[in-house]
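Top to bottom, those sequences are chains A and B. When we follow my numbering, the leftmost residue of the first sequence carries the number 1, and every step to the right adds one. When we follow my numbering, the leftmost residue of the second sequence carries the number 1001, and every step to the right adds one.
Source of the hints: derived by calculation from the structure; they are not laboratory data. Quick caveat: nothing in here was measured; it's all calculated off a predicted structure. Among the hints, erroneous ones may be present.
[Unchecked claim] Negatives, chain B to chain A, calculated, CB over 10 Å:
| hint | residue |
| --- | --- |
| 1 | 1010 |
| 2 | 1013 |
| 3 | 1036 |
| 4 | 1043 |
| 5 | 1060 |
| 6 | 1118 |
| 7 | 1121 |
| 8 | 1163 |
| 9 | 1176 |
| 10 | 1216 |
| 11 | 1222 |
| 12 | 1280 |
| 13 | 1327 |
| 14 | 1353 |
| 15 | 1375 |
[Stated by the list, open to error] Residues from chain B shown here face chain A by an in silico Cβ test under 10 Å; the list is partial:
| hint | residue |
| --- | --- |
| 16 | 1011 |
| 17 | 1038 |
| 18 | 1039 |
| 19 | 1045 |
| 20 | 1085 |
| 21 | 1328 |
| 22 | 1329 |
| 23 | 1330 |
| 24 | 1331 |
| 25 | 1332 |
| 26 | 1355 |
[Claimed, not checked] Calculated Cβ distances over 12 Å to all of chain A for the following chain B residues:
| hint | residue |
| --- | --- |
| 27 | 1014 |
| 28 | 1020 |
| 29 | 1021 |
| 30 | 1027 |
| 31 | 1029 |
| 32 | 1034 |
| 33 | 1037 |
| 34 | 1081 |
| 35 | 1087 |
| 36 | 1139 |
| 37 | 1166 |
| 38 | 1277 |
| 39 | 1374 |
| 40 | 1377 |
Yeah, the Cβ is synthetic: ideal placement off N, Cα and C, and Gly gets one too.
One letter stands for each residue in the lines below.
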Amino acid sequence: MEPLIQFLTSVDHQAPDYTIRALGLSLLLSFVLGQLIAWTYSRTHSGLSYSRSFTQSLVLMTIVVSLVMFVIGNNIITAFGLIGALALIRFRNVMKDTRDTVFVFFSLVLGMAAGSQRYTAAIVGSVVLVFIVFYMHLTAFGSVGRYDGHLTCRINSSLEEQREIFFTVLRRFCRSFHQVSSRQGTDYAEYVFQVRLRDHQRGREMSQELNHVEGVDDVILVLHDEFAEI
Amino acid sequence: MDSNEPSTQHIRTPLPQRLSEFRRGPMILLIWIVAASTVGWMLMQRFERWQYVGVACSSHYEITTSVAGTIDTIYVKQFDLVKAGEVIAHLDSTHLEARIATAQARVDQLSAELDAARLQLDERSTNNKAGLVAELRRFQIDEVDLLLRAMTIKVELETDRILLERMSSKLARTRELVQWEAVATAEEEDLELESQEIARQIELNEQLYNTTMEKHAVARSRRESFENRISTRPDVEPQLKSLREAVRAENLRLQEIELSRRNLVLRSPIAGKVSEMHINVGQAILAGKPVATITEVESSGVICYLPPSPQQSPDIGARVIITRSTDHSVAAESIVTRIGPAVVELPENLWRDPATPEYGVPLLLSHVFDMNLIPGEPVNVRILK
């Protein structure tokens, strides 16, 4: 414990360091910790208001704020200038999306960095942030959907053997599936499954094969776009 | 196979889908792990980095004048290399020459008074027929006469020395002009001959002065031995007494002039570089004001600064590693020779933020021979356990 405490106190400095190395460390650390926060948020979120955009904003905001502090440094004038500019933007424009706010903030900070002649911070900060934005876009960071779509079907309740065949087919075509709901009738039951296909192109084939299983009717597979989450 | 039996053929996930899934899942984690590892490594680097900052120090000497005056000649420029004892500047000697002229006039006056006194005393002794008293007065007069002669030579010496210094500065300027081919070499040679002539004259006068002073000492001892021989010592003639005192006072003034003359020449006490010139030619300067700052070319040690409450306080003799802040590949070992008594403000060039002053406990480290540190150069220091 003692070495850890010594390490943690030693890496901190009372006076900030404004080298490019320190800037890189700050931005990278912000990214790492921001992503941790975003994961924690997405894993522990409950309710219907989950937004991938908001989750991504959590990461981007940490990086932008880190860049802000680097640009401001100990300069109180720059700090007040930022407050004024932010207030102006905030009251003039109503941002519906948190991610939009982050980008506005980012633009402000870049302008401040360039204007206060912290050219290194402006260039490095914008390169890093642009890279991270594209990284998040390509990886669809913040998506919580594990399934490709949902499958509804009606299965004759009495045909247990056919149920087994149904599930065999399902296991063949799907990497994983999860029953979302079931509606039990006298002779049949309606099921809704969330499915994750092994091959997205063979969804129709799966539907047809499931329809061919005796006792299984009205098989409908609905696949949603991977970027449909907002 | 029965057409009602479902196929059991394993379905492989196509590569594009695999890549897409990898992109949306493990790749995020992988990138995060790489970023976290990089952060950890950078923090470890920061932890292990050179612990303390320091600066190579050297001695600065501020050359000041002990007398007020006007700058007549400056022989060096900023960043010139100078040797120990090299002349940096000359103060104007005009006022001193005036004082010498005054001293000369006073000596002449005293000589005239002495001659008058001698005549008077000779007449009195002839009339008096008091042989012992007359003899004593003669001894006294001889003593004062020799002292006056020595003072006359001294006045001449001081005049010549001032002239020689002026000639030296003129010669130095002429040599520079000859190098630039602005004047003929013959002018330099003429000045050299003149300087040599004055120097020779000074040498002769010094010998003459020493001889005269020896004679004066002999005359004094003769007088004293005569005084000891006679049973009743007659009172010294008031005229002679006042003359003797006047001569003594004038002798002291001449010594003052000699001292002032020496103070007109400003020399560098050490070998080094002229880091700053505080004066210009023709500028009037008060006593005690700085003329130039000489800095040693090589650093004489390193001052390292510990944080105000350091985790480890080294002892005198503790070994340290010093490296340049711009090039960590060059390192050298040193030892702690002294520890400062209080927390002081670090030099501004060591502050991490120009707007935020920093403080530390200074440690003096011994000179590092192999690094050729420039005075004022920032260094990093790690204390060896």
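Evaluation of the provided hints:
Taking the minimum C-beta to C-beta distance to chain A, about 8 Å, the non-interface status of residue 1010 of chain B is violated against the 10 Å cut. Non-interface call for residue 1013 of chain B relative to chain A: violated, since the shortest CB-CB distance, roughly 5 Å, does not exceed 10 Å. The Cβ of residue 1036 of chain B sits about 5 Å from the closest Cβ of chain A, inside the 10 Å cut-off, so the non-interface label is violated. For residue 1043 of chain B, the condition that its CB be more than 10 Å from all CB atoms of chain A is violated, with the nearest at approximately 5 Å.
Non-interface status of residue 1060 of chain B relative to chain A is upheld: no Cβ of that chain comes within 10 Å, the nearest being about 28 Å off. Distance check for residue 1118 of chain B against chain A: the nearest CB is about 85 Å away, which clears 10 Å, and the non-interface claim stands. Residue-level check passed: residue 1121 of chain B sits 87 Å from the nearest beta carbon of chain A, beyond 10 Å. With a least CB separation of 60 Å from chain A, residue 1163 of chain B remains clear of the 10 Å interface cut-off, as annotated.
In this structure residue 1176 of chain B is separated from chain A by more than 10 Å, as the shortest Cβ-Cβ distance comes to about 45 Å. The Cβ of residue 1216 of chain B sits about 73 Å from the closest Cβ of chain A, beyond the 10 Å cut-off, so the non-interface label holds. Its beta-carbon lying about 81 Å from the closest one in chain A, residue 1222 of chain B satisfies the requirement of being farther than 10 Å from that chain. Every C-beta of chain A lies more than 10 Å from that of residue 1280 of chain B, the closest at about 37 Å, which supports listing it as non-interface.
The beta carbon of residue 1327 of chain B sits about 16 Å from the closest Cβ of chain A, which is more than 10 Å, so the claim that it is off the interface holds. Once the 10 Å rule is applied to beta carbons, residue 1353 of chain B is inconsistent with being away from chain A; the minimum gap is 5 Å. Under the 10 Å C-beta cut-off, the non-interface status given to residue 1375 of chain B relative to chain A holds; the minimum distance is some 24 Å. Given the 10 Å rule on beta carbons, the hint for residue 1011 of chain B holds: about 5 Å separates it from the nearest Cβ of chain A.
Because the beta carbon of residue 1038 of chain B sits about 6 Å from the nearest beta carbon in chain A, less than 10 Å, this interface hint is met. The closest approach between the C-beta of residue 1039 of chain B and any C-beta of chain A is roughly 5 Å, which is under the 10 Å cut-off, so the hint is satisfied. The beta carbon of residue 1045 of chain B is positioned within 10 Å of a beta carbon in chain A (closest approach about 9 Å), and the interface hint is therefore held. Hint status for residue 1085 of chain B relative to chain A: violated, with the closest Cβ pair at about 45 Å, above 10 Å.
Here the hint on residue 1328 of chain B is broken, as its CB sits about 13 Å from the closest CB of chain A, past 10 Å. Restraint check, residue 1329 of chain B versus chain A: the minimum CB separation of about 17 Å is more than 10 Å; hint violated. Interface restraint check: residue 1330 of chain B against chain A, minimum CB-CB distance 20 Å, threshold 10 Å, status violated. Annotation: residue 1331 of chain B was flagged as interfacial toward chain A, and the flag is violated, the nearest CB pair being 20 Å apart, outside 10 Å.
The beta carbon of residue 1332 of chain B is not positioned within 10 Å of any beta carbon in chain A (closest approach about 24 Å), and the interface hint is therefore violated. Checking residue 1355 of chain B against chain A by beta carbon gives a least distance of about 5 Å; that is within 10 Å, so the hint holds. A Cβ of chain A approaches the Cβ of residue 1014 of chain B within 12 Å, the least distance being about 6 Å, so the stated non-interface status is violated. Non-interface status of residue 1020 of chain B relative to chain A is broken: a Cβ of that chain comes within 12 Å, the nearest being about 8 Å off.
In this structure residue 1021 of chain B is not separated from chain A by more than 12 Å, as the shortest Cβ-Cβ distance comes to only about 9 Å. The beta carbon of residue 1027 of chain B sits about 6 Å from the closest Cβ of chain A, which is not more than 12 Å, so the claim that it is off the interface is violated. Non-interface call for residue 1029 of chain B relative to chain A: violated, since the shortest CB-CB distance, roughly 9 Å, does not exceed 12 Å. Not every CB of chain A is more than 12 Å from the CB of residue 1034 of chain B (nearest about 10 Å), against its label as outside the interface.
The beta carbon of residue 1037 of chain B is not kept farther than 12 Å from every beta carbon of chain A, the shortest such distance being approximately 9 Å. The Cβ of residue 1081 of chain B lies farther than 12 Å from every Cβ of chain A, with a closest approach of about 36 Å, so its non-interface assignment holds. Annotated as non-interface, residue 1087 of chain B keeps its C-beta farther than 12 Å from every C-beta of chain A; the closest such distance is 46 Å. Residue placement check: residue 1139 of chain B keeps its beta carbon more than 12 Å from all beta carbons of chain A (closest about 83 Å).
Residue-level check passed: residue 1166 of chain B sits 55 Å from the nearest beta carbon of chain A, beyond 12 Å. For residue 1277 of chain B, the non-interface assignment is confirmed: its Cβ lies about 34 Å from the closest Cβ of chain A, beyond the 12 Å cut-off. Every Cβ of chain A is farther than 12 Å from the Cβ of residue 1374 of chain B; the closest lies at roughly 22 Å, confirming the non-interface assignment. Every CB of chain A is more than 12 Å from the CB of residue 1377 of chain B (nearest about 18 Å), matching its label as outside the interface.
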